[in-house]
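J.: Model the full structure from these sequences, guided by the hints.
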Amino acid sequence: MKRVDLIVIGAGPSGLSAAIEAAKTGMSVLVFDENARPGGQLFKQIHKFFGSKEHKAKIRGFVIGQQLLKEAEDAGVQVSLESTVIGIYPEREVVVRKYVETPAADGTDPQEPSSRHEAVFHYKADAILVATGASENMVMFDGWTLPGVMGAGAAQTLMNLHGVRPGKRVLMLGSGNVGLVVSFQLLQAGCQVAALVDAAPKIGGYGVHAAKVARCGVPFYLSHTIKKVEGTNHVTGVTIAEVDSHFQFIPGTEKHFDVDTVCVAVGLSPMSQLLKMAGCEMDNSGKGGGQIPVVDAAGQTSVPGIFAAGDVAGIEEASSAMIEGRMAGIRIAEYLGYETKEAGEAEFSKEEASLEGLRQGMFAPQNRGMKIEKTEEGIPISTNLLKHGFVADDEIGRFPGVTHKAGIHPVMECTQNIPCNPCQDACAKHCIHIGLNITALPAVEEGSTCIGCGMCVASCSGQAIFLVNEHTKEGCAEVTLPYEFLPLPKAGDEGFGMSRSGKPVCRAKVVKVRTSKAFDHTALLTIEVPEDMAMKARFYRSRLECTGGDSVIAQSRIKGAEVSQNGATGDRPCESKAAAESEKREEGAAI
Amino acid sequence: MRTDRSKDLGPCLPMEGDDRIVCRCEEVTQGEIRQAVHDGMFTMTEIRRYLRCGMGLCQGQTCSRLVSGIVARELGIRPGELRPASSRAPMRPLEMSIWANECQAPDGAAETKKGGAGDEKC
Ligand SMILES: Cc1cc2nc3c(=O)[nH]c(=O)nc-3n(C[C@H](O)[C@H](O)[C@H](O)COP(=O)(O)OP(=O)(O)OC[C@H]3O[C@@H](n4cnc5c(N)ncnc54)[C@H](O)[C@@H]3O)c2cc1C
Ligand code: SF4
Ligand code: SF4
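Which chain is which? The protein sequence lines are A and B, in order. When you line the first sequence up against the working numbering, it's residues 600 to 1190, in that order. When you line the second sequence up against the working numbering, it's residues 86 to 207, in that order.
Honestly, I wouldn't trust all of these hints.
Said to hold, decoys possible - A few chain B residues that face chain A, going by a derived Cβ cut-off under 8 Å, partial list only: (1) R173; (2) R177; (3) L179.
It should be emphasised that the hints constitute simulated quantities derived from the structure, not laboratory data. We put the beta carbon where it would ideally sit given N, CA and C, even for glycine.
T.: And the structure:
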């Protein structure tokens, strides 16, 4: 039986981070993962992460995954893939199902170089870390077993790992961060998102994620849930209906959508069965998202030598999973005598502080289920954001990131206290202030001068920063916005400026498209709009997207677009005449 | 946690969604699960043995939460109060031919990246 110092089960962010810390102290570490690629959930996360520098903020999830793999390799961690752990037995014996490669007998037959078959192997370790992550929850409704109904994570795997579009037109159930992020990625992959639905009365995920989806024109239906999915062999449609405060359907509120895919993002359950099998004391109260092991701050379970970290010990996120992994790795090295108590404690408390930093703000675990009416700064929160996914025109002005000024200046439409601060670090001109408390709202620094470099726009994980020049020439303004769709518009293209709710509000002309390595795949689009639209236009759609093809916008917003097209006269989008028209149009679009 | 067997659940009245499949691997419906509770199956282990739900290909990964929700509702308790079914190897479905093929990983053998096994002997 092969023996190592530490066996890690699961090569996700927590497992890899723990393995790296342990291997750095000289321990022999073996990581098993059942997938063909390591990285766990990280390799599906194509968006930029929140947090601050120490949490790898503004870096895309899959890049963090690549960094972890490189670090693991450098530290001498062995990663065994396509290796499923099927049981943990007494005395820390781990049983693994994996492949055996049989080399070709003598290499004479080039057609059959080698063969593989699967077998069961036994390993033993002085410590085991279970970092198996979580699985997606499901809800039942008529038709939930039809092909086309899938977990949002499954849709993400199809798109981002396999390059397969899950469907053409999708309805998303669940407005937590997973539902919001995957909805945006579906749009990026070229799918239409017909609606985002949640039975809760308010959006569960970050407002900045919701706003990204809303300005693409996706309608939000809160206090609604799926009544029935239609189809015989696969999904052909879905009916949703409103629910009352007891989650009972309200008759007569049904709405139907023609879709071929329904994604479900209603939470995750820890995959903690291995820990239970190993005899660890479990907590079934449901506070960690399901059955979780009882652990101390370092992830030590009730069974000496068996540790747990990441989603399996309570659903959180990749950023916290990495820290938890590192903390477990440090403590395991101490436990097996590879690290002195003093050195270990110093590192441990640093990580603990970093984890504490992430668990702050409106979405912190201790605030779950609480009714928050004001920000930490005492500003009333945007209620429209929680209901419809975007901050209303009459709410946006009260947040410290939104100011008026002559010349180009940043506008941070970031209105909730979330642990995030890359915008502050991005600006070399110190225009953006968050301070030491990373959950504070970004504010415009008084007396600072913006040079329009765009670094803040590109580094905002929530795509919530815009550069605005409220007056460039007679009747004209310019708005620079983050853009992550292909094909990229070109300078000179004409289309429409879209409101925060995804409705066309004015004609817009693309004056500049900037891409740069420093922007990390976020393009910066500068559009020229009528002056009075400077604080309203927050997205751009080409004319074709608005009127032709089968794009989302064409389907759902065609009416508004027609108004805009017919209403606009003259060539220039920002002529004062057009500006006056646009005001009228906006009234029309708002109905 | 002791299971209170004296509880009177009353008759098992038909409910909306009773013909809906809950455990898709073993094709067990909501109605069957509810009936099983009324037949006296008050724990997840009993339900599993009685109906086989959660014993199919996915080993309850998809349905165990749904099943415990139904059982708890029928018993008038919170799902957290139900003791989850025991966890046993194999954690993932495994063909008997592989289960029976036990190998020795020699001490000190280096793991290769793709699919593991380097010089394991079988
Ligand atoms: C759609 C979506 C979007 C998200 N977006 C963000 C985000 O923006 N920011 C953020 O911080 N977090 C985000 N998260 C959360 C984040 O991905 C997870 O919290 C994080 O990946 C948890 O890490 P982990 O190491 O605990 O588990 P995982 O990443 O799930 O890794 C566990 C690994 O263990 C393997 N495994 C499980 N059982 C076995 C077994 N028996 N044998 C062998 N291998 C096994 C699994 O296959 C997997 O590879 C998102 C999650 C989802 C689903
Ligand atoms: S555009 Fe450049 S100078 Fe202006 S606020 Fe953003 S980072 Fe600072
Ligand atoms: S504005 Fe700043 S704090 Fe808000 S999401 Fe963007 S980067 Fe984070």
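J.: Identify every previously stated hint that the structure contradicts and give their numbers, smallest first.
T.: Violated hints: none at all, because every hint is consistent with the structure.
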